[in-house]
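Asks: Chains as they are written, first to last, in the numbering used here: chain F, 1 to 128; chain P, 129 to 256.
Hints listed in this document are in silico derivations from the structure and should not be mistaken for laboratory results.
Since we're looking at a predicted model, the values are computed, not measured.
Be aware that a few hints might be false.
Which chain F residues face chain P? A few, computed with CB under 7 Å, are given here [unchecked claim]:
hint : residue
1    : Ala9
2    : Gly12
3    : Leu13
4    : Lys20
5    : Gly24
6    : Leu44
7    : Cys45
8    : Phe71
9    : Ala92
10   : Leu94
11   : Gly95
12   : Leu97
13   : Leu101
14   : Ala108
Heads up, simulated SDA-like pairs for lysine to any residue below, C-alpha to C-alpha not over 20 Å straight-line [unchecked claim]:
hint : chain 1 : residue 1 : chain 2 : residue 2
15   : P       : Lys148    : F       : Tyr93
16   : P       : Lys148    : F       : Leu94
17   : F       : Lys20     : F       : Lys42
18   : F       : Lys20     : P       : Ala134
Stretches of chain P that chain F covers, calculated by requiring three or more beta carbons in the stretch to come under 8 Å of a beta carbon on chain F [what the hints assert, rightly or not]:
hint : segment
19   : 143-151
20   : 184-190
21   : 193-207
Each residue gets a CB set at the ideal place from its N, CA and C atoms; glycine is no exception.
Protein chains: 2
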Amino acid sequence: MPAEPAPYAYEGLDRVLHEKARLGILTSLVAHPDGLAFADLKRLCGLTDGNLSRHLAVLDEADLVAVTKRFEKKRPLTTIRLTPAGRRRFLAYLGELERVLRDAAAAARAADTEDAAPQHPGARPAPA
Amino acid sequence: MPAEPAPYAYEGLDRVLHEKARLGILTSLVAHPDGLAFADLKRLCGLTDGNLSRHLAVLDEADLVAVTKRFEKKRPLTTIRLTPAGRRRFLAYLGELERVLRDAAAAARAADTEDAAPQHPGARPAPA
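Okay, chain F solo, but in the shape it has when bound:
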């Protein structure tokens, strides 16, 4: 077993970013540095108005996104952008997520090899 005290604690998986719906929101926004309209973001993430609002409030509170409202032809238009800090933290989070994937894939492969190995040192593989 690894010497590291808790190799699978994944402290870097920040709960604010790790939540499934917020992961979709952040992925949508990282692709659109100029921001996305509320309606477009809602569609991309398959969320309801209420759910998107709730998750944006969490992300806004953590300074990960900036929400601006203006009027266009007398209709309110809400635009959501990733903040520079939000982009930085999301990229760091993705690095940690990559580590999870690498660990898990390596672990699954190692277990497979173990399964395939003969049970006893002297055992021969069964004929094909």
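For chain F, the structure is supplied; the task is to place chain P on it using the hints.
Replies: Only chain P this time, still in chain F's reference frame:
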């Protein structure tokens, strides 16, 4: 924008598996097909007794892990194993996680390229 209605909904990110502590538990277990003792799992994931018990109850309820108790030299020994369904679902979850990473990395790269591109169609890049 993609034609797919909600490309960033990530329906495959099953909440039972996506939770940060449970992700660590499952990664630990996928590496140990014969199971892990409660104390070892606790250490690998950096969890308290109470937290590990609570998360194992959720995973057991979903038939992702099997918890067995036996006595060894009169002391109770709890062993936790991934069930075959648990292994299957965890590997499927990892596939979806890989999709998130691919999407996000591609999105971040595309945004970078956009930033680096000239602002006006006729503009020439600044001399190096």
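Asks: Holds or violated: is the Cβ of Ala9/F closer than 7 Å to a Cβ in chain P?
Replies: The hint holds - Ala9/F has a Cβ within 7 Å of chain P, the shortest such distance being about 3 Å.
Asks: Has the segment 143-151 of chain P got at least three residues whose CB is nearer than 8 Å to a CB belonging to chain F?
Replies: Held - the segment 143-151 of chain P has 4 residues with a Cβ nearer than 8 Å to chain F, which meets the minimum of three.
Asks: Are Lys20/F and Ala134/P close enough, with their CA atoms no more than 20 Å apart?
Replies: Roughly 13 Å between the alpha carbons, so the hint for Lys20/F and Ala134/P holds.
Asks: Quick check on Leu94/F please, does its C-beta sit within 7 Å of some C-beta on chain P?
Replies: Leu94/F check passes; min Cβ-Cβ to chain P is 5 Å, inside 7 Å.
Asks: Would the hint on Ala92/F be counted as holding, given a Cβ-Cβ threshold of 7 Å to chain P?
Replies: violated, 12 Å
Asks: Regarding the hint that Gly95/F lies at the interface with chain P, is the smallest CB-CB distance below 7 Å?
Replies: With a minimum Cβ separation of about 10 Å from chain P (threshold 7 Å), the hint on Gly95/F is violated.
Asks: Tell me if the interface restraint on Leu13/F is satisfied: Cβ within less than 7 Å of some Cβ in chain P.
Replies: Since the shortest Cβ distance to chain P is 5 Å, the answer is holds.
Asks: Run the distance test for Lys148/P versus Tyr93/F: straight-line Cα separation, threshold 20 Å.
Replies: holds, 12 Å
Asks: Please check whether Lys20/F passes as an interface residue: C-beta within 7 Å of a C-beta belonging to chain P.
Replies: Since the shortest Cβ distance to chain P is 5 Å, the answer is holds.
Asks: Measuring from the C-beta of Leu44/F to each C-beta in chain P, is the shortest one below 7 Å?
Replies: holds, 5 Å
Asks: Closer than 7 Å between Cβ atoms is the bar; does Gly12/F clear it against chain P? Give me holds or violated.
Replies: With a closest approach of 10 Å, the Gly12/F hint is violated.
Asks: Would the hint on Cys45/F stand, with a C-beta cut-off of 7 Å toward chain P?
Replies: Result: holds, 5 Å to nearest chain P Cβ.
Violated hints for the displayed structure, listed by number in ascending order: 2, 8, 9, 11, 20 and 21.
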